[in-house]
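S.K.: Chains as they are written, first to last, in the numbering used here: chain A, 4 to 172; chain B, 7 to 210.
Derived from the structure by calculation, the hints contain no laboratory data.
Errors might be hidden in some of the hints.
[To be verified] Within a straight-line C-alpha distance of at most 30 Å, the following computed DSS-like cross-link-like pairs (lysine-lysine) qualify: (1) K208/B x K16/A; (2) K110/A x K209/B; (3) K78/A x K160/A; (4) K12/B x K16/A; (5) K16/A x K176/B; (6) K114/B x K110/A; (7) K78/A x K114/B; (8) K16/A x K34/B.
[Claimed, not checked] Label-pair restraints from in silico Cβ distances: (9) D153/A x K34/B: 44 to 52 Å; (10) E132/A x L49/B: 41 to 49 Å; (11) S152/A x R54/B: 51 to 59 Å; (12) A45/B x S71/A: 31 to 39 Å; (13) P112/A x G190/B: 38 to 46 Å; (14) S152/A x L42/B: 31 to 39 Å; (15) E132/A x K34/B: 20 to 28 Å.
We treat Cβ as the ideally placed atom computed from N, Cα and C, and that holds for glycine.
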Amino acid sequence: MKTVGMSDEVFRKRAAEEDGCMVSAIGLQPLFTKREEARHEAGEVSREPVRLAFCTLISYRRRALRFSMETLAQKANVELDELLRIEEDMSYVPEARTVYQLANQLKLPIPQLLVLSGNATSANSELTEAAVRFAARSRAVEKLNREQSDALNEFVKVLVEQKVQTKKK
Amino acid sequence: MSARRKCHLRAPGAGDLAEAELVDELSKDDLIRAHLDWAPVRLMALKRLHEAKLPWPEHWHWDWSKKADMLDLLAYRCMGIEQDGRMQGLMMLSTIAAKGRLKAQEGKAVLYIEFLESAPWNLRALVEAPKFLGVGIRLLEAAIALSEEEGFGGRIGLHSLPQSEDFYRKYMTDLGPDSSQSQGLRYFEMSTEQMHNFLEGKKP
Numbered sequence: 004m005k006t007v008g009m010s011d012e013v014f015r016k017r018a019a020e021e022d023g024c025m026v027s028a029i030g031l032q033p034l035f036t037k038r039e040e041a042r043h044e045a046g047e048v049s050r051e052p053v054r055l056a057f058c059t060l061i062s063y064r065r066r067a068l069r070f071s072m073e074t075l076a077q078k079a080n081v082e083l084d085e086l087l088r089i090e091e092d093m094s095y096v097p098e099a100r101t102v103y104q105l106a107n108q109l110k111l112p113i114p115q116l117l118v119l120s121g122n123a124t125s126a127n128s129e130l131t132e133a134a135v136r137f138a139a140r141s142r143a144v145e146k147l148n149r150e151q152s153d154a155l156n157e158f159v160k161v162l163v164e165q166k167v168q169t170k171k172k
Numbered sequence: 007m008s009a010r011r012k013c014h015l016r017a018p019g020a021g022d023l024a025e026a027e028l029v030d031e032l033s034k035d036d037l038i039r040a041h042l043d044w045a046p047v048r049l050m051a052l053k054r055l056h057e058a059k060l061p062w063p064e065h066w067h068w069d070w071s072k073k074a075d076m077l078d079l080l081a082y083r084c085m086g087i088e089q090d091g092r093m094q095g096l097m098m099l100s101t102i103a104a105k106g107r108l109k110a111q112e113g114k115a116v117l118y119i120e121f122l123e124s125a126p127w128n129l130r131a132l133v134e135a136p137k138f139l140g141v142g143i144r145l146l147e148a149a150i151a152l153s154e155e156e157g158f159g160g161r162i163g164l165h166s167l168p169q170s171e172d173f174y175r176k177y178m179t180d181l182g183p184d185s186s187q188s189q190g191l192r193y194f195e196m197s198t199e200q201m202h203n204f205l206e207g208k209k210p
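Based on the provided sequences and hints, a complete structural model is requested.
M.R.: See below:
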């Protein structure tokens with residue numbers, strides 16, 4: 004881990020400031036847990052991990068091919084702000100045309116990408132499971148490390164190998 | 007694989023600084039062991055507070071062994087500070103970038119702290135003489151270092167329990183109650199500038 008830190012002198016001062024304080028912090032609903040449990044209890048099949056996998060796949064693949072956001076937007080003829088939404092907003096469902104253009108530029112299979120993006124459905128549970136695994140392994144950092152590259156390559160391999168019978172929504 | 011880095015904690019009862027280790031990636035077993043170590047001490051302290059009719063800490067029911075399953079997902083990572091074989095503080099981090107909410111860094115990646123707690127024997131609200139001081143400071147410092155490493159510019163964010171708000175208000179910006187948090191807790195964020203001030207001992 005990077006060594007970013009304070010001197011002993013600063014630490015002594017800060018530690019004295021902490022004396023008598025409580026420091027407990029608690030987070031948002033953990034990913035894939037409470038909201039998922041609620042949906043599960045309601046009998047719904049959640050698409051959240053699949054959507055997260057789609058956002059992350061586009062972002063990782065773009066970076067793996069060394070495209071900047073601007074470059075990919077230009078090549079795929081997609082507005083930059085739409086590409087930003089695609090990579091960052093799990094609730095956003097891009098049009099099939101946009102997915103088609105991105106798939107071409109990123110060299111990803113179109114039917115599978117249509118399923119992940121929410122434009123089509125598929126009964127192929129293996130694809131959904133691979134997407135969930137990929138989403139769980141994803142880390143949003145600037146540069147892909149080896150673990151992320153492995154996760155990406157593994158997922159792209161599953162995408163390419165899966166035969167998907169898509170049904171348009 | 008986890009790495010260990012030497013650090014110091016302030017030890018009021020034993021001179022000045024005591025050597026400790028920051029463990030940057032804890033396992034499920036580590037969390038279960040920490041829970042088993044902390045729970046009896048916390049229970050005794052709560053008994054004492056109850057008898058003295060003093061308020062309990064808001065996190066009295068936390069059980070880190072129940073948070074251990076979060077480590078099955080790469081989206082979470084847990085760090086701790088160990089001294090003499092005992093965990094002095096724990097912090098669960100989300101490795102998926104959160105979006106900055108401070109105006110100056112809106113939309114920029116922020117490292118989000120899911121849980122942070124100091125061992126019960128380090129809290130003056132639970133024991134008369136805390137064993138170590140500065141555990142929270144060291145954990146914030148570690149979160150900043152990871153934020154830097156991940157390319158998030160040292161930016162960090164968290165939701166504070168009400169009793170801890172005064173502590174975080176010293177170093178971070180209080181963005182008020184957050185309706186998206188299940189308990190409506192206040193959200194705090196540290197900017198890159200505040201991070202430098204925090205590390206350099208300046209006022210935020």
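S.K.: A separate judgement is required for each hint: does it hold in the structure or not?
M.R.: Evaluated hints:
1. Only pairs whose Cα atoms come within 30 Å are accepted, and K208/B paired with K16/A is accepted, the gap being roughly 10 Å.
2. Restraint check: the Cα-Cα separation between K110/A and K209/B comes to about 51 Å, which exceeds 30 Å; the hinted pair is violated.
3. Straight-line distance between C-alpha atoms of K78/A and K160/A comes to about 24 Å, which keeps the hinted pair within the 30 Å bound.
4. Using a Cα cut-off of 30 Å, the hinted pair K12/B and K16/A holds, with the two alpha carbons roughly 19 Å apart.
5. In summary, the hint linking K16/A to K176/B is supported, as the alpha carbons are separated by about 13 Å, within the 30 Å threshold.
6. For the hint pairing K114/B with K110/A, the CA-to-CA distance comes to about 28 Å; that is within 30 Å, so the pair holds.
7. Annotation: proposed proximity of K78/A to K114/B holds, straight-line Cα distance about 25 Å (limit 30 Å).
8. Between K16/A and K34/B, the direct Cα distance comes to roughly 33 Å. Violation of the 30 Å bound is thereby established for this hinted pair.
9. For the hinted restraint 44 to 52 Å between D153/A and K34/B, the CB-CB distance of approximately 22 Å leaves it violated.
10. At roughly 42 Å, the beta carbons of E132/A and L49/B sit within the given window of 41 to 49 Å.
11. S152/A and R54/B have their C-beta atoms about 53 Å apart, which keeps the hinted 51 to 59 Å range intact.
12. At about 51 Å, the beta-carbon gap between A45/B and S71/A misses the expected band of 31 to 39 Å.
13. For the pair P112/A and G190/B, the supplied restraint of 38 to 46 Å holds, since their beta-carbon distance comes to about 44 Å.
14. Checked against the given bound of 31 to 39 Å, the beta carbons of S152/A and L42/B, roughly 38 Å apart, stay inside it.
15. The hinted window of 20 to 28 Å between E132/A and K34/B holds, with their beta carbons roughly 23 Å apart.
In the structure shown, a violation is registered for the earlier hints numbered 2, 8, 9, 12, in ascending order.
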